[in-house]
Amino acid sequence: MVDHTGPEIDAATGVSTTGHEWDGIRELNNPLPRWWLWIFYACIVWSVGYWVVYPSWPLVSGYAGGVLGWSSRESVDVALAALQAQRGATLQRLAETPVEQANADPALLAFSQALGRAAFANNCAPCHGAGGGGARGYPNLVDDEWLWGGSLAQIQQTVTHGVRNADPDSRQGEMPAFVRDGLLPAEEVPIVIEYVRQIAGLDVLPDADLAKGKEIFEANCASCHGAEGHGNQELGSPSLVDPIWLYGYDRKDMTETIRNGRGGVMPTWVERLDPTTIKALTIYVHALGGGA
Amino acid sequence: MTAIVVDHRKGKAGPGPAEPPPGDDAPLYEARRKIYPQSVSGTYRRVRWIVLLVTLGIYYLLPFVRWNRGPNAPDQAVLIDLPARRFYFFFIEIWPQEIYFFTGLLILAAMALFLMNALAGRVWCGYLCPQTVWTDLFLAIERLCEGDRRERMLRDSHPLNAEGVARKSAKHLLWLITAWWTGGAWVLYFADAPTLVVELATGEAPLIAYGAIATLTFTTYSLAGLMREQVCLYMCPWPRIQAALTDEDALNVTYRVDRGEPRGSLKKAAALRAAGEPAGDCIDCGQCVAVCPTGVDIRDGASLGCIQCGLCIDACDTVMRRVGQPERLIAYDTDLNIQRRLRGEPEQVRLVRPRTILYSAIILLVGGIMVYALAVRSPVGIAVQHDRNPVAVTLSNGDIRNGYALRLVNKAAVETTFLVTVAGPADARLDIVGGTAEAGGAVSVTVGPDQTRELRALVTATPLPGKETSVPVAFRAIDAVTGITATVDDTFRMP
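If you read the sequences in order, they're chains U and E.
In terms of the numbering used here, the numbers along the first sequence are unbroken and rise by one, the last being 292.
In terms of the numbering used here, the numbers along the second sequence are unbroken and rise by one, the last being 1495.
Watch out, some of these pointers could steer you wrong.
Incomplete in silico selection of chain E near chain U, CB under 8 Å [stated by the list, open to error]:
#, residue
1, E1030
2, Y1234
3, R1377
4, S1378
5, P1390
6, V1393
7, G1398
8, R1401
9, E1438
10, L1458
Rather than coming from a laboratory, the hints here were simulated on the basis of the structure.
By construction, the Cβ of each residue, glycine as well, lies at the ideal position given by its N, Cα and C atoms.
Same shape as in the complex, but just chain U (with noise of 0.2 Å):
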């Protein structure tokens, strides 16, 4: 502060200066105008009313919840039943409309893509990918080759009661543990492994006893797998003779499939998605490409 007796004008500007200084450099006085000052207060006012009417202060068990009982879920649960309101008309004709109609309307079509779409990120993706693509034990939905059958029937019905769980209808057969069970002696699977690859077109080694091979095949595998190895979706097992492997085609990958055999899970989604979801699932999975 500098010690001064009346107002100093600043030479430069003719503005007089509040007589504050900091390392010289001096301010200048030119105030704000008034109705600012009054909007600010008002602000203050403003903000109390927010305590008032909003969830604000920290209380030693809860918080002061206002008196309009305002709440970010109940606000949500606003938005969520605008939405369906939203959807109405076409939700509900979606619901009354059987999955292969649905389908071939094209608004019902794009409307259960939309929808398809979210409850599959939602529901779906963790497992099969968020576009479908699948992994290692988790089949690819965006090919043709279907486990358990790619019609719409097919998939709703795999969508609804899940894959090898506790819903009694829910899709079953499993690939036999045939080595760990005692189905088959180890040392026949190398030789069932060289027959399968030659009729799945991969690499076979030089000295395979293919006819040997195809004996233990026919034995063990065709059951279910088909004499010439096509698979059969009743049974949920995979054609061998495509490029589609589900846990992979090398011999390492192929000797643990038959040793211990393979029966991943899909849960059943009758108990979580209302029937509606499941039907507009069913529309976008079939029409992400590997419908049939």
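With chain U's structure known, arrange chain E on it following the hints.
Chain E only, in chain U's frame:
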């Protein structure tokens, strides 16, 4: 506080409080000095009336202008249809993805502002700015209700009597009606105007319409009625920017110091002249300050508070005519000319300068680009987005398939059928979920009038030869009736 010196306190108009004693005892906040602009007539006043009538006329009436666009589009000439995400301007219809036209408009607006500034200073502030136009309108209402400057000052210097209360009430009522009408006209740009007027009158309009009207009533009433010059002095950034953009050749409302000084009363000037001493033409009557809507004294030179409306020119011309002196003691002029005249050189007005040429060139270029873009704008649009996860998938027969989100845009006012084809890998096949397969590998898709449709497109081909991992792919949509085509490129990838 800031170092910008807005010393409008120097002005002599108004009976404001005496300069407060500065220093530690001075108030921290400045009381507003009330301004009582006097009415004036003349060239610039006439220009301002015309601009006011034209701009406000457009603003209030434009929503009611009709424009026939056929059965599937609104018939309002200017309409911002937010729910449907369309902007209609006479024969132009803008979709949200064409928002770049607004970017062009903003660039044009900025360049027009700069050009105006380079030619004649704050033309925008003085004549065109909504704050100026509405303030002018509100001042006219004030004058209608309360009389001119002297009458208003006299009334405010005494305790209010019944007549004063009545006059002030009438003024505020008229202000509120004008402000309400301003807000009311605003919302008409966002919905069918005649329908909305009826809905507003019967109380059936959406809440947001009433809210917008209330907000704009409040802002118009407070900004144009109550705050007026405070907006220009304290709230508006343009005076600050303008000061940095201007140059010495820009014409500004200027007090011709060379002619006016030394100022003094007629008697004093006559005495000086009789004594053979120089005397200026300015008779120091203060009319230029009395008519100023922001209360500045133009004789102090250019200032942040001066919006350059030219009213002081009109006021001074009137006085000069009366005392038998030539007009334009205050005029659109430059400081350079003042100095030239003082040196006895001829005046110069340089409107064509590098910066005015540059601004004009940018305006022509951007305007030209926009006109061209509008002219070649296609009613058909196509966009494609490749699946990101998975980018490609192997099918059971070994073929490779890529998925795409395909978006077809139909800007026509009728339902349109498109034939979509794909070109890329030699044996590429196209499937579209929801489309119909046609001869030659094309897929037909129908899109409703003025709509877009997103479709899932699948392209299948045998694996690419060699070690190729991707090839270009082109989607083409042909309007089956008009033959107008749109294409978009992407890639086809191996897993």
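Verification of the hints:
Satisfaction of the interface hint for E/E1030 is found here, the shortest Cβ-Cβ separation to chain U being roughly 4 Å, below the 8 Å cut-off. Because the beta carbon of E/Y1234 sits about 6 Å from the nearest beta carbon in chain U, less than 8 Å, this interface hint is met. Annotation: interface hint on E/R1377 violated; nearest CB of chain U at approximately 26 Å, more than 8 Å. A hinted interface residue such as E/S1378 counts as satisfied when its beta carbon comes closer than 8 Å to some beta carbon of chain U; here the least separation is about 24 Å, so the hint is violated.
Contact between E/P1390 and chain U, as hinted, is supported at the beta carbon level, the nearest pair being about 3 Å apart and thus within 8 Å. Because the smallest distance between the Cβ of E/V1393 and any Cβ of chain U comes to about 5 Å, under 8 Å, the interface hint for this residue holds. Checking E/G1398 against chain U by beta carbon gives a least distance of about 5 Å; that is within 8 Å, so the hint holds. Hint status for E/R1401: holds, given a least beta-carbon distance of 6 Å to chain U, under 8 Å.
Interface hint status for E/E1438: violated, as the beta-carbon distance to the closest one in chain U is roughly 17 Å, over 8 Å. At about 5 Å, the closest approach between the beta carbon of E/L1458 and any beta carbon in chain U falls short of 8 Å, and the interface hint on this residue holds.
Checked against the numbered hints given earlier, the structure breaks hints 3, 4 and 9 and satisfies all the rest.
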